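Undergrad: Assemble chain B onto chain R, guided by the hints.
Listed below are the residues making up each chain.
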Amino acid sequence: MDEAALIRAAQAGDQEAFESLVRLYDQNVLKLAYSLLRSNEDAYDIYQEAFLRVHKNLKNFRFDCSFHTWLYRIVTNLCLDTLRKRKVRKEEPSTIATEDGIKDRFDLVAEERPTLDPQRSLLSRELKNKIQDVLGTFTPRERMVFELRHFQGMRLRAIGETLGTTEEAAKNCLFRATQKMRSALGEYV
Amino acid sequence: MNCEEIRADLTLYCYGELEGEAEELLEQHLAACPACQQELLQLRQMLAGVDEAQAEPSAELLSRCRQALHEITAPSRAPVPFWQSVWERFSPPAWALRPAAALGLLAIGFAGGQVYEQRSSLSPGPEQIARVRAIQGLGDGNVRIVYDEPRVRTVSGSLQQDEIQTLLLAATREANDPGLRLESVDLLRNRCNRDDVRQVFLQTLLKDQNPAVRVRALEALRPYTQEDDVRRALSAVLLTDSSPNVRVLAIDVLVDRHAYDMVGTLQQVIRNEDNDYVRTRCLRALGAMSASPGTF
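Those protein sequence lines, which keep their order, are chains R and B. Counting from 1, one number per residue, gives the positions in the first sequence under my numbering. Counting from 1, one number per residue, gives the positions in the second sequence under my numbering.
Next comes chain R alone, as it looks inside the complex (with noise of 0.2 angstroms):
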């Protein structure tokens, strides 16, 4: 069954065909959620919140934009609301509390990892931090862009039209994103 078909077949309340387009998108949606907010527990929300809207509101859809876009919208605005409350509230989404006190997410994952060129890792993991520190400094809506052209491999356009903006705008995001990590990162390349 196609993609038209099957939301035809989940607008008319078969769950099957509802599950099948949900599996067609939640894997890229969970990750860019993921990638963005760098947590477990605001992902799911994310995951859970946006495809419940989607199941709710799925009678609704009349083909005037694609799928694609129409759920990357909801998905984007959830990403861009969660990433606004946390620029408010100051929220550091890189540290994590432990026993152990204050440490950085990517500290806990690389412990994990087989290392056996301590020098080596040690770049490795310093250019991760350094590329995390910078992904922090951008705003919301370049984080956006930057993840969706990025990791998702969305076209300028099709970023523009699920944002809401124009292909300029996009275009000009991703530029100043690029270069922001390009004169960060510059004692690393």
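Bear in mind the hints are in silico, worked out from the structure with no lab data behind them. This structure is a prediction, so every number in the text was calculated from the model and none was measured. Watch out, some of these pointers could steer you wrong.
Mimicking EDC-like on lysine to aspartate or glutamate, the simulated pairs with C-alpha atoms at most 20 angstroms apart in a straight line are [what the hints assert, rightly or not]:
id: 1; chain 1: R; residue 1: K59; chain 2: R; residue 2: D133
id: 2; chain 1: R; residue 1: K180; chain 2: B; residue 2: E4
id: 3; chain 1: R; residue 1: K31; chain 2: R; residue 2: E142
id: 4; chain 1: R; residue 1: K130; chain 2: B; residue 2: E5
id: 5; chain 1: R; residue 1: K31; chain 2: R; residue 2: D45
id: 6; chain 1: R; residue 1: K31; chain 2: R; residue 2: E16
id: 7; chain 1: R; residue 1: K85; chain 2: R; residue 2: D133
id: 8; chain 1: R; residue 1: K130; chain 2: B; residue 2: E52
id: 9; chain 1: R; residue 1: K31; chain 2: B; residue 2: D177
id: 10; chain 1: R; residue 1: K59; chain 2: R; residue 2: E142
id: 11; chain 1: R; residue 1: K31; chain 2: R; residue 2: E49
id: 12; chain 1: R; residue 1: K180; chain 2: R; residue 2: D133
id: 13; chain 1: R; residue 1: K130; chain 2: B; residue 2: D196
id: 14; chain 1: R; residue 1: K85; chain 2: R; residue 2: D26
id: 15; chain 1: R; residue 1: K31; chain 2: B; residue 2: D51
id: 16; chain 1: R; residue 1: K180; chain 2: R; residue 2: E168
id: 17; chain 1: R; residue 1: K180; chain 2: B; residue 2: E5
id: 18; chain 1: R; residue 1: K180; chain 2: B; residue 2: D9
id: 19; chain 1: B; residue 1: K207; chain 2: B; residue 2: E219
id: 20; chain 1: R; residue 1: K31; chain 2: B; residue 2: E60
id: 21; chain 1: B; residue 1: K207; chain 2: B; residue 2: D196
id: 22; chain 1: R; residue 1: K85; chain 2: R; residue 2: E126
id: 23; chain 1: R; residue 1: K31; chain 2: B; residue 2: E52
id: 24; chain 1: R; residue 1: K31; chain 2: R; residue 2: D14
id: 25; chain 1: R; residue 1: K180; chain 2: B; residue 2: E71
id: 26; chain 1: R; residue 1: K31; chain 2: B; residue 2: E174
id: 27; chain 1: R; residue 1: K31; chain 2: B; residue 2: E56
id: 28; chain 1: B; residue 1: K207; chain 2: B; residue 2: E52
id: 29; chain 1: R; residue 1: K56; chain 2: B; residue 2: E174
id: 30; chain 1: R; residue 1: K31; chain 2: R; residue 2: D42
id: 31; chain 1: R; residue 1: K56; chain 2: R; residue 2: E19
id: 32; chain 1: R; residue 1: K180; chain 2: B; residue 2: E39
id: 33; chain 1: R; residue 1: K180; chain 2: B; residue 2: E174
Here are a few chain B residues that sit away from chain R, every Cβ distance over 12 angstroms (derived from the structure) [said to hold, decoys possible]:
id: 34; residue: Q226
id: 35; residue: N272
id: 36; residue: G294
Cβ coordinates follow ideal geometry from the N, Cα and C atoms, glycine included.
TA: Chain B only, in chain R's frame:
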């Protein structure tokens, strides 16, 4: 266009977002400007570095999300324990034996250590089951189900140990997290003299979805470019790899080794390559080997 204008467009160029004419102008400039070529290379290296820093959600998280969504959206049905739903579906005497394959994957697709054992009775929750292998009616109203149970194991040991090497090879082939695949390739890179390691690296070079992992596999294979299988893989990379960075590295490797028998492939790349920078590197490589860029 001057260098400053070109550099403003390099980001869009890297992402393939430059319009036709602008792209052509930029490529013309790049072909004649080593400084901008260098800038482009650094930008690509940076973007490949960003790939490495990507965080991916675990398979367990995806499974938990799907399960929760299903429980909420499935029409007015309380979640039924897995064994009960199987019982309802296959209640006797309608069946005697059914193959497990019909049920397929049920919960999380965990690839780690799995233990199969017989138990006389059990009441597993859905989250404990990776795959049901067989279902058999016992004729007395009971049913026997054989299923895989995912278990997390931790192993420590030296790189010399077979078990460690086998696990690293498995991680190179199968880990979902590109960071883990990258780490595994790095740890095994000095063991390319082993045939099984080299074969896995060749597959990684040809099939891994992450360009940074492919680059690492290619670097590890660099000392073995005199081997036929490595040369065939390099040739395939030059002609089909989607990442210009990987293609350029493949050219560098061939130039280092003065691979004269690859001249034909390089000429083919020049004919087919869309990326002007890669074409320029090919031309230089052919020049270094005193070979003609075209076939006559």
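Undergrad: Which hint numbers does the structure go against, in order from smallest to largest?
TA: Hints 1, 4, 6, 10, 13, 14, 22, 24, 25, 29, 33 not satisfied by this model.
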